[in-house]
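Q: Below, each chain spelled out in residue letters.
Number of protein chains: 2
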Amino acid sequence: MKKHNFSAGPCILPQEVLKQASEAILNFNNDDLSLIEISHRSPAFVKVMENARSLVLELLNIENKGYSVLFLQGGASLEFLMTPYNFLKTNGKAAYLDTGTWSSKSIKEAKLLGNIEIVASSKDKNYNYIPKDYHIPTDADYFHCTSNNTIFGTQMKSFPKTDSLLVCDMSSDIFSRQLDFSQFDLIYAGAQKNMGPAGATLVVVKEAALGKTGRIIPSMLDYQVHISKDSMFNTPSVFAVYVSMLTLQWLKNLGGVAAIEKINNAKAELLYGEIDSNPLFQGVTEKEDRSYMNVTFTLTNESLKDKFDMMWKGTGINGLGGHRSVGGYRASMYNALPLESVQVLVDVMRKLNN
Amino acid sequence: MKKHNFSAGPCILPQEVLKQASEAILNFNNDDLSLIEISHRSPAFVKVMENARSLVLELLNIENKGYSVLFLQGGASLEFLMTPYNFLKTNGKAAYLDTGTWSSKSIKEAKLLGNIEIVASSKDKNYNYIPKDYHIPTDADYFHCTSNNTIFGTQMKSFPKTDSLLVCDMSSDIFSRQLDFSQFDLIYAGAQKNMGPAGATLVVVKEAALGKTGRIIPSMLDYQVHISKDSMFNTPSVFAVYVSMLTLQWLKNLGGVAAIEKINNAKAELLYGEIDSNPLFQGVTEKEDRSYMNVTFTLTNESLKDKFDMMWKGTGINGLGGHRSVGGYRASMYNALPLESVQVLVDVMRKLNN
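Residue numbers (our numbering), protein chains in the order written: chain L, 1 to 354; chain U, 1 to 354.
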């Protein structure tokens with residue numbers, strides 16, 4: 001049966017990417033060797049790495065603007081530590097917006113290195129909205145936010161103007177919508193949503209923002225070290241970088257971020273439209289802050305749960321269970337999820353109402 | 001043409017493992033989903049992780065001895081930092097043996113956290129031997145060594161008895177030979193030699209040795225945090241863990257470490273035998289310290305270089321070039337390299353002498 005993969009991450013990837021990746025495991029580049037048994041310093045893999053790095057700048061429309069692209073390891077969780085190491089001055093201060101589990105975790109790690117001010121939090125309502133009225137202290141070295149909150153289903157629609165450096169964890173919505181990416185000094189993202197398999201972390205950093213903290217930074221946590229080695233300071237996660245490159249190429253061929261944004265908007269409108277018009281369902285978050293990647297919703301009548309679960313499972317839908325901190329359902333609709341899969345889900349929701 | 005892959009790492013993996021990995025990218029577990037698009041918290045992947053962790057203990061013969069196994073990210077390079085974070089007391093001291101590039105790098109990172117004493121170094125002879133007469137200070141929190149030096153081609157044949165904790169970077173020879181692994185408090189290894197593709201780091205740590213430094217450790221660098229989450233504190237490098245599990249299973253089916261050690265010995269004896277008996281070649285390292293994983297050698301007559309290079313390349317041999325810090329040739333003979341490939345190399349060396 002064809003699966004409709006709404007998994008929150010690691011998540012659906014384009015079928016043609018999976019096919020190419022599978023082939024490369026057996027024979028990469030027609031060289032009778034597997035992708036995963038060649039040196040990362042071989043010309044064939046160096047080309048993959050360089051191609052992936054270029055595609056990121058091209059797709060985010062920030063070429064020739066002083067950004068470096070890195071493919072590191074450790075996920076966003078390690079970036080929670082690398083951010084203050086690279087941007088927080090030894091006696092400095094950083095400002096954080098708390099919009100969910102991942103924000104909270106980033107705050108926890110940053111606090112180990114200095115003075116962290118939480119400018120606003122939506123914890124009071126189980127993170128079902130994005131705080132808007134807050135003040136970023138003028139002496140903050142940087143402001144950190146999470147663009148999309150995978151667990152709770154909220155998404156920042158705009159970003160504050162600030163004189164501080166602007167840092168954003170875009171793990172779960174990078175490459176999904178057009179933004180002025182040049183407003184950010186640091187963007188990071190675990191690969192396993194819109195880019196590739198788990199095991200690589202994308203870092204896009206403005207070089208001019210680095211080297212100003214006065215800290216001695218361990219080599220593996222120092223963006224300047226990784227930049228100086230073209231993202232090959234140590235052996236990179238070869239397979240994850242390769243599949244990321246394939247996915248970025250797929251996105252480019254599709255028409256880039258502008259093209260996928262239209263598709264993502266259509267998917268979100270279809271599903272949120274159903275949630276708003278079908279009396280058996282309700283959304284979890286404030287409407288203006290709804291995520292276009294992770295749609296959280298509940299049944300208005302819990303007694304229908306078993307029936308609904310049986311129905312959607314019967315259509316080949318996968319990964320619709322809500323996170324334990326929210327309950328209900330979560331439909332993750334990353335770039336590679338086709339509109340057709342959302343239609344299957346909406347059809348089930350309509351049928352439940354018949 | 002069939003390749004004979006002597007690459008130093010990432011390196012050759014068993015053909016049957018590559019085949020299974022390639023299939024799992026398209027359809028994992030007969031579930032019509034790719035391995036890399038399912039949740040790492042799905043029962044199918046949790047089983048992979050648990051299986052991989054168990055196989056490590058079983059193959060190293062250290063079951064029920066208080067060890068935890070973790071599959072982390074960041075390679076041995078991040079372990080260079082995690083080791084002192086987890087084992088070096090705030091005002092403590094650690095002892096390091098300097099046997100090559102990777103030892104030196106581990107020393108550099110550890111120095112950021114405290115007092116590091118280099119008990120001996122073979123740098124005076126470009127690391128072509130393993131120092132033997134050295135004293136580990138009785139007040140050292142731990143002693144750190146590198147079991148096999150990939151670049152220079154030396155390998156420790158025994159390990160010092162010490163009251164300090166014993167830490168070993170086994171990136172390039174773990175699972176290749178029988179040792180009393182229970183003498184170590186921490187073993188770590190990048191996956192990309194004898195275990196799997198780049199992107200995962202194996203950590204085997206004695207739990208009783210942890211939590212004694214008085215340090216506040218960032219979450220991602222804290223072994224206890226990872227242990228408490230069964231190696232799933234954050235999204236693991238799913239594909240690299242899966243392929244590692246397949247390779248460990250392959251090794252177990254083959255008869256385990258004892259069985260592969262016999263094959264590795266046969267490969268090493270064949271190649272070193274030729275180096276010692278063929279007047280056109282000479283070994284780079286002291287005989288008693290020769291690595292059975294990475295064989296470094298040079299031509300006695302440099303004018304034969306072009307001829308020799310053409311000859312081995314003509315047989316499908318790959319990755320025989322020496323590291324720039326040593327020159328000459330390096331034949332890496334990891335577990336998955338068949339004896340047959342070594343025979344092909346030895347035949348070329350003999351032909352050069354005809």
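One or more hints might be untrue.
One copy or two, either will do: identical chains are not told apart, so a pair holds if it fits within one copy or between any two.
[What the hints assert, rightly or not] Taking lysine-lysine pairs in the DSSO-like style, the calculated list, with each CA pair at most 30 Å apart, reads:
#1 Lys89 x Lys111
#2 Lys305 x Lys105
#3 Lys19 x Lys111
#4 Lys65 x Lys161
#5 Lys2 x Lys19
#6 Lys3 x Lys262
#7 Lys252 x Lys108
#8 Lys2 x Lys47
#9 Lys3 x Lys19
#10 Lys313 x Lys47
#11 Lys19 x Lys125
#12 Lys3 x Lys108
#13 Lys105 x Lys47
#14 Lys93 x Lys3
#15 Lys351 x Lys89
#16 Lys19 x Lys65
#17 Lys89 x Lys105
#18 Lys252 x Lys105
#19 Lys19 x Lys47
#20 Lys212 x Lys2
#21 Lys125 x Lys229
#22 Lys252 x Lys313
#23 Lys3 x Lys47
#24 Lys123 x Lys307
#25 Lys65 x Lys307
#26 Lys65 x Lys47
#27 Lys351 x Lys19
#28 Lys108 x Lys212
Since the hints were derived computationally from the structure, they do not count as laboratory data. Nothing here was measured: the structure is a model prediction, and the numbers come from that model.
Q: None of the hints should be skipped; say for each whether it holds.
A: Hint by hint, here is what the structure shows:
1. Lys89 x Lys111: both (13 Å within a copy, 21 Å between copies)
2. Lys305 x Lys105: Answer is neither: 32 Å inside a copy and 56 Å across each miss the 30 Å cutoff.
3. Lys19 x Lys111: Cα proximity of Lys19 and Lys111: none, with 43 Å in one copy and 46 Å across.
4. Lys65 x Lys161: within (19 Å within a copy, 56 Å between copies)
5. Lys2 x Lys19: Result: close both inside a copy and across copies, 16 Å intra and 23 Å inter.
6. Lys3 x Lys262: So Lys3 and Lys262 pass the 30 Å test inside one copy only (23 Å; across, 46 Å).
7. Lys252 x Lys108: For Lys252 and Lys108, neither the intra-copy (37 Å) nor the inter-copy (42 Å) Cα distance is at most 30 Å.
8. Lys2 x Lys47: between (35 Å within a copy, 24 Å between copies)
9. Lys3 x Lys19: both (16 Å within a copy, 23 Å between copies)
10. Lys313 x Lys47: For Lys313 and Lys47, the Cα distance is within 30 Å only across copies (22 Å; inside one copy 42 Å).
11. Lys19 x Lys125: For Lys19 and Lys125, neither the intra-copy (43 Å) nor the inter-copy (49 Å) Cα distance is at most 30 Å.
12. Lys3 x Lys108: neither (38 Å within a copy, 50 Å between copies)
13. Lys105 x Lys47: between (35 Å within a copy, 27 Å between copies)
14. Lys93 x Lys3: neither (47 Å within a copy, 56 Å between copies)
15. Lys351 x Lys89: neither (57 Å within a copy, 63 Å between copies)
16. Lys19 x Lys65: Cα proximity of Lys19 and Lys65: none, with 34 Å in one copy and 43 Å across.
17. Lys89 x Lys105: both (20 Å within a copy, 26 Å between copies)
18. Lys252 x Lys105: neither (33 Å within a copy, 39 Å between copies)
19. Lys19 x Lys47: both (20 Å within a copy, 25 Å between copies)
20. Lys212 x Lys2: neither (52 Å within a copy, 52 Å between copies)
21. Lys125 x Lys229: This pair counts as between: shortest inter-copy Cα distance 27 Å, intra-copy 45 Å.
22. Lys252 x Lys313: Neither: 33 Å inside a copy, 38 Å across copies.
23. Lys3 x Lys47: Only across copies: Lys3 and Lys47 sit 21 Å apart there, 34 Å inside one copy, limit 30 Å.
24. Lys123 x Lys307: neither (32 Å within a copy, 71 Å between copies)
25. Lys65 x Lys307: neither (53 Å within a copy, 48 Å between copies)
26. Lys65 x Lys47: within (22 Å within a copy, 45 Å between copies)
27. Lys351 x Lys19: neither (34 Å within a copy, 43 Å between copies)
28. Lys108 x Lys212: For Lys108 and Lys212, the Cα distance is within 30 Å both inside one copy (22 Å) and across copies (22 Å).
Of the numbered hints given earlier, the model fails hints 2, 3, 7, 11, 12, 14, 15, 16, 18, 20, 22, 24, 25 and 27; all others are met.
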